[in-house]
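Following the hints, complete the assembly by docking chains B and C onto the known chain A.
Chains as they are written, first to last, in this note's numbering: chain A, 11 to 411; chain B, 4 to 245; chain C, 14 to 450.
Mixed in with the good hints there might be a few duds.
Heads up, simulated SDA-like pairs for lysine to any residue below, C-alpha to C-alpha not over 25 Å straight-line [said to hold, decoys possible]:
#1 A:Lys-398 <-> B:Arg-15
#2 B:Lys-87 <-> A:Gly-96
#3 A:Lys-233 <-> C:Glu-135
#4 A:Lys-24 <-> C:Gly-351
#5 A:Lys-398 <-> C:Pro-30
#6 C:Lys-397 <-> A:Asp-277
#7 A:Lys-24 <-> C:Arg-366
#8 A:Lys-318 <-> B:Ser-28
#9 B:Lys-87 <-> A:Ile-402
#10 A:Lys-397 <-> C:Lys-397
The hints are simulated quantities; they were obtained by calculation from the structure and are not laboratory data.
Listed below are the residues making up each chain.
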Amino acid sequence: MEFGPIWRAALRNKTGPVLMALQIALTLAVIVNAVFIITQRIDNITRPTGMDVENIVTVQSFGFGDDFSLAQSVDEDIAALQAIPGVVAVTSSQHVPLSGSGWGTQLKTSTEAGAAEVSGAQYFVNADALDALGVQLESGRAFTPEDVDFPEHYGVPISQIIVTRAYLDALFPDGGATAGATLYDNLGNPITVIGVLEQMHGAWVGWDELENVLLAPRVMPAKSIYYIVRAEPGQRDRVMPQVEETLLATNDRRVVKSLRTHSEIKDSSYMGDRGMAVLLAVVVGLMVVVTGVGIVGLASFAVRQRIKQIGTRRAVGARRRDIVRYFLVENFMTTTVGVGLGAVLTLAVNYWMVVSFELERLDPLYVPAGILALWLLGILAVAGPAKKAASISPAIATRTV
Amino acid sequence: MLEMRHISKVYRTHTVETHALRDFSLRVEEGEFVAVTGPSGSGKTTFLNIAGMLEDFTSGTFMLDREDVSNLGDDARSRIRNEKIGFIFQSFNLIPDLDVFDNVDVPLRYRGFTGAERRRRIEEAVELVGLSSRMRHLPSQLSGGQQQRVAIARALAGAPRFLLADEPTGNLDSEMADGVMALMEDINAAGTTIVMVTHDAELAGRAPRNVHVLDGLVQDNPETANITPIKSAPATLAVAGS
Amino acid sequence: MFSYYLRLAGRSLLATPAMTSLMVATIALGIGIFMAAVTIYYLMGNDPIPHKSDVLYAVQLDSWDPAQPYREDLPEQAPWELTYRDAMALRESDIPLRHAAMHKVSLVIQPAREDLKPFQTEARLTDGDFFGLFDIPFIYGSAWTREADETGQRLVVISASTNDQLFGDADSTGRILRINDEDFTVVGVTEDWSPVPKFYDVNNGAFDESEQIFIPSGVGRELELFSSGNTNCWKDEDINSFEEFLGSECAWWQYWVELPTQAQRDAYQAFVDAYVGEQKSLGRFGRPLNNRITPVHEWLEVRQVVRDDNKVLIGIAFLFLVVCLFNIVGLMLSKFLGKAPQIGIRRALGASRGAVFRQQLMEVGTLGAAGGVAGLGLAWLALKGIQVLFPGFEHLARLDPTLVGIAIASSVLTTIAAGLYPAWRVCRVPPGAYLRL
Numbered sequence: 011m012e013f014g015p016i017w018r019a020a021l022r023n024k025t026g027p028v029l030m031a032l033q034i035a036l037t038l039a040v041i042v043n044a045v046f047i048i049t050q051r052i053d054n055i056t057r058p059t060g061m062d063v064e065n066i067v068t069v070q071s072f073g074f075g076d077d078f079s080l081a082q083s084v085d086e087d088i089a090a091l092q093a094i095p096g097v098v099a100v101t102s103s104q105h106v107p108l109s110g111s112g113w114g115t116q117l118k119t120s121t122e123a124g125a126a127e128v129s130g131a132q133y134f135v136n137a138d139a140l141d142a143l144g145v146q147l148e149s150g151r152a153f154t155p156e157d158v159d160f161p162e163h164y165g166v167p168i169s170q171i172i173v174t175r176a177y178l179d180a181l182f183p184d185g186g187a188t189a190g191a192t193l194y195d196n197l198g199n200p201i202t203v204i205g206v207l208e209q210m211h212g213a214w215v216g217w218d219e220l221e222n223v224l225l226a227p228r229v230m231p232a233k234s235i236y237y238i239v240r241a242e243p244g245q246r247d248r249v250m251p252q253v254e255e256t257l258l259a260t261n262d263r264r265v266v267k268s269l270r271t272h273s274e275i276k277d278s279s280y281m282g283d284r285g286m287a288v289l290l291a292v293v294v295g296l297m298v299v300v301t302g303v304g305i306v307g308l309a310s311f312a313v314r315q316r317i318k319q320i321g322t323r324r325a326v327g328a329r330r331r332d333i334v335r336y337f338l339v340e341n342f343m344t345t346t347v348g349v350g351l352g353a354v355l356t357l358a359v360n361y362w363m364v365v366s367f368e369l370e371r372l373d374p375l376y377v378p379a380g381i382l383a384l385w386l387l388g389i390l391a392v393a394g395p396a397k398k399a400a401s402i403s404p405a406i407a408t409r410t411v
Numbered sequence: 004m005l006e007m008r009h010i011s012k013v014y015r016t017h018t019v020e021t022h023a024l025r026d027f028s029l030r031v032e033e034g035e036f037v038a039v040t041g042p043s044g045s046g047k048t049t050f051l052n053i054a055g056m057l058e059d060f061t062s063g064t065f066m067l068d069r070e071d072v073s074n075l076g077d078d079a080r081s082r083i084r085n086e087k088i089g090f091i092f093q094s095f096n097l098i099p100d101l102d103v104f105d106n107v108d109v110p111l112r113y114r115g116f117t118g119a120e121r122r123r124r125i126e127e128a129v130e131l132v133g134l135s136s137r138m139r140h141l142p143s144q145l146s147g148g149q150q151q152r153v154a155i156a157r158a159l160a161g162a163p164r165f166l167l168a169d170e171p172t173g174n175l176d177s178e179m180a181d182g183v184m185a186l187m188e189d190i191n192a193a194g195t196t197i198v199m200v201t202h203d204a205e206l207a208g209r210a211p212r213n214v215h216v217l218d219g220l221v222q223d224n225p226e227t228a229n230i231t232p233i234k235s236a237p238a239t240l241a242v243a244g245s
Numbered sequence: 014m015f016s017y018y019l020r021l022a023g024r025s026l027l028a029t030p031a032m033t034s035l036m037v038a039t040i041a042l043g044i045g046i047f048m049a050a051v052t053i054y055y056l057m058g059n060d061p062i063p064h065k066s067d068v069l070y071a072v073q074l075d076s077w078d079p080a081q082p083y084r085e086d087l088p089e090q091a092p093w094e095l096t097y098r099d100a101m102a103l104r105e106s107d108i109p110l111r112h113a114a115m116h117k118v119s120l121v122i123q124p125a126r127e128d129l130k131p132f133q134t135e136a137r138l139t140d141g142d143f144f145g146l147f148d149i150p151f152i153y154g155s156a157w158t159r160e161a162d163e164t165g166q167r168l169v170v171i172s173a174s175t176n177d178q179l180f181g182d183a184d185s186t187g188r189i190l191r192i193n194d195e196d197f198t199v200v201g202v203t204e205d206w207s208p209v210p211k212f213y214d215v216n217n218g219a220f221d222e223s224e225q226i227f228i229p230s231g232v233g234r235e236l237e238l239f240s241s242g243n244t245n246c247w248k249d250e251d252i253n254s255f256e257e258f259l260g261s262e263c264a265w266w267q268y269w270v271e272l273p274t275q276a277q278r279d280a281y282q283a284f285v286d287a288y289v290g291e292q293k294s295l296g297r298f299g300r301p302l303n304n305r306i307t308p309v310h311e312w313l314e315v316r317q318v319v320r321d322d323n324k325v326l327i328g329i330a331f332l333f334l335v336v337c338l339f340n341i342v343g344l345m346l347s348k349f350l351g352k353a354p355q356i357g358i359r360r361a362l363g364a365s366r367g368a369v370f371r372q373q374l375m376e377v378g379t380l381g382a383a384g385g386v387a388g389l390g391l392a393w394l395a396l397k398g399i400q401v402l403f404p405g406f407e408h409l410a411r412l413d414p415t416l417v418g419i420a421i422a423s424s425v426l427t428t429i430a431a432g433l434y435p436a437w438r439v440c441r442v443p444p445g446a447y448l449r450l
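Next up, chain A with everything else stripped away, as it sits in the complex (with noise of 0.2 Å):
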């Protein structure tokens, strides 16, 4: 290993060697920067919602007229709805989960002033709505029809609620709570919890309370309504166009529209993670190759223009394998000099960003799979060179042109 005389001789021609560093050091610290958010979009995308989105449709139903009468045809549209071949159940709710709208809520723990209040997503469902939304009951019992209440206008108080185990612990940080424990709302009505779910996603993807979910058995007011049905795996797309026959076929008083599948809103909501990442696959991807093949054009050069070296190398001894170790050698100190640069590039770029945009700090263990990545770039990059450099014959040497 020729340690010593490559970093002498690159002493004394910097130029190629220290633009080829400071190349490897911006590409580290972007590719490593950049990836690091992309896995944290695609954490996002695909974390588990305890729903089970793939096989639920929804659609809104929205009345009109005076004559409407919101009560009677949500229990006909539920009947109607879950009379359809491979529909598994059906509820009615006044958003949806995860499409970004929805409607926020606040519960504490006690009604003492200055009691904690933490902040959840709230729906207003019915009698079947953890069988339709997919979700699993942790402890306690599910709603029964009669849970269900039809009041006339808003401020009617809930007495009894289902919320994830997410939101039981936020509530109560210490642990411990159950089913059959007592919460209150904002005025300080007393709610208790009948039933605790594993996991559910609220209304906003963005949220930090994503996991803070509470379901009340209830049917409000509104003109407005959305069903969410839930088909059996594979009847999804079959059933969906069904969906919408059916309340038109009950009830054509209304405006049937929005159909849609849970998975069409779900990528929705998430279009900006996925975009993102996307974009910044693309741009990792273009540097590698950009860095990449600068590497080889340099590389190249390099020998091209110590063709004559090459050949006394040879001439004095150098095996063919030893003419490709130099150009190995050579590059992998140059990418060192490159990454260690760029080792601290990479954490100030994200220490700007975590700074300016709040994103996350980097996991550390990114660098060195960066660095790694960078001088095995290097290698191959550099192998085609080196080979052309070994096939120079010795006899080079001797030629006076």
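Here is chains B and C on its own, set in the frame of chain A:
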């Protein structure tokens, strides 16, 4: 210790077949100082390349240090060049970005010596050519003669069996040329075999033995006096790529 | 001499097609990606109403919870929306040239035409001044009066597309449109208007299309229409009816005013502060005085319409461009030093250092121009690709003349900057350096 028998080298392109060497035989004993002379195009460069194992040859045998090196692979040839042959080139061929120490170091790196061993050999060789005070200088900071002496140090550092010199004074003025020749004579006097290729008759005259090459054949060697020269077109230059 | 250098540059570039293509491709990539990111950033932060953006103001009053700010992460900010009481109270002021309280509503439209089913749409409930405020031109008819706002007359203004859809492109003023089972009279038809960004309501989709149907604000009270945009309530209030909701501390109204002069702006600020002071004495507005009237361009910044993701993308795209430029420097160095023998001859024949330098820069500049053009093509492709990723943002992916100019100029300039060092290196080749063999 160097014995070439009936060596021929043919370059073939699409259209032309060139006989750079034809039935070339030469024998050099240990400790000799031989000058190989001949006009340009005579094939002496080809001889040089073959003797230095820089090229292979079409037919014949080549014994080096009692070892048959006729049909060796590239790795084996490299090893022999490294351990047994010391090269001195017309244009010195020092690596411009390396100082004297690192230049002399180059062949030693392919040998597997320890760092200490290499250092010892380099210092000895550079001392021998009288340039110890210039150890950390770059070639660009040295005169032509000094550069050639560094090249000689590089050739000697590995204790080769023989030195192969290609127009060693070709790029030097007469004073420097004199110095280099004197150095080579000293080295030869100390026991190192030297084969020197040159077209300079005066220079050749300083070597105890001369061999003349013409049209790919050796002329003055007593051993080949029986070979009938074959008249044909002169060898074209080594553009017919090797 | 210029055309001579140009010819030389062209010939030199064409002499090494592989190297030249590689360099053009690298520049194009860097410029293309960078320009795509810049375009999106530029259009997202675009001033949507430049001729009036400094006289139009969004009004905020801090009626929020004394115990905590509206936004934990922006503690100095007041809520984005007003309560009903405050919105109606502000309308009393005659200082602004125009004013409009507003919010989104969901309405069911029941077209008279037999072949059209009833459909639900997002509409805007607002004051008649809305159209003059934002300079929305009318094709037929005009806006309703302030009196109509007060009394909640059943009037409606529709956009040209909606007019086409419902009335077949005729002058529909005076005709009846049935909305939520009530008869509304069409009083005006506007040209289609959809500013990017939708600055007057950035709460739900700053890049959404504008609403196409407008009704007077008084109608909301009569028909008990809630906002279909954001509604935020902090106070524990027992709300059992729409009336109680109107009287609550829930914030759900947006408020815009036009204040053409600085004097009016100051006067209005004083009016607002006085109003809030008065309300404080009635027990409301427990937070410190924090009433803001913010002009459009500042509003867009405050509301962070250009998302952080865009800024990160621009930063990364810029770094990518820098890496591409490093590549170019390396490639140019190789190419130029490879031409050193030729340069040596030229110098021996009398070319000065400056002439060599200029010749190389000309070559570099040509490269930059070619790269810029190719880069624009790539940027256009990239924007098309982005439309696939972000459906609904078609209007964001346009290259207007300014951006084209920026692309070419930055390409040429950055390439020349990259080429300065290689050009300098090569013009130092001594004359006749390579003549000796």
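How the hints compare with the structure:
Between the alpha carbons of Lys-398 (chain A) and Arg-15 (chain B) the distance comes to roughly 23 Å, so the proposed pair stays at or under 25 Å and holds. For the suggested pair Lys-87 (chain B) and Gly-96 (chain A), the alpha carbons sit about 87 Å apart, so the restraint of at most 25 Å is broken. Of the supplied pair hints, the one linking Lys-233 (chain A) and Glu-135 (chain C) holds, its CA atoms being roughly 14 Å apart against a limit of 25 Å. Taken as a hint, the Lys-24 (chain A) and Gly-351 (chain C) pair is honoured in the structure, with Cα atoms around 18 Å apart against an allowance of 25 Å.
Only pairs whose Cα atoms come within 25 Å are accepted, and Lys-398 (chain A) paired with Pro-30 (chain C) is accepted, the gap being roughly 21 Å. With a CA separation close to 20 Å, the supplied pair Lys-397 (chain C) and Asp-277 (chain A) stays within the 25 Å bound. A distance of roughly 23 Å separates the Cα atoms of Lys-24 (chain A) and Arg-366 (chain C); the hinted pair therefore holds under the 25 Å criterion. Proposed proximity of Lys-318 (chain A) and Ser-28 (chain B) is contradicted: the alpha carbons are some 30 Å apart, above 25 Å.
A hinted pair counts as satisfied when its Cα atoms are at most 25 Å apart, and Lys-87 (chain B) with Ile-402 (chain A) qualifies at roughly 21 Å. For the given pair, Lys-397 (chain A) sits about 41 Å from Lys-397 (chain C) by alpha-carbon distance, which is inconsistent with the 25 Å threshold.
In summary, the numbered hints that this structure violates are 2, 8, 10.
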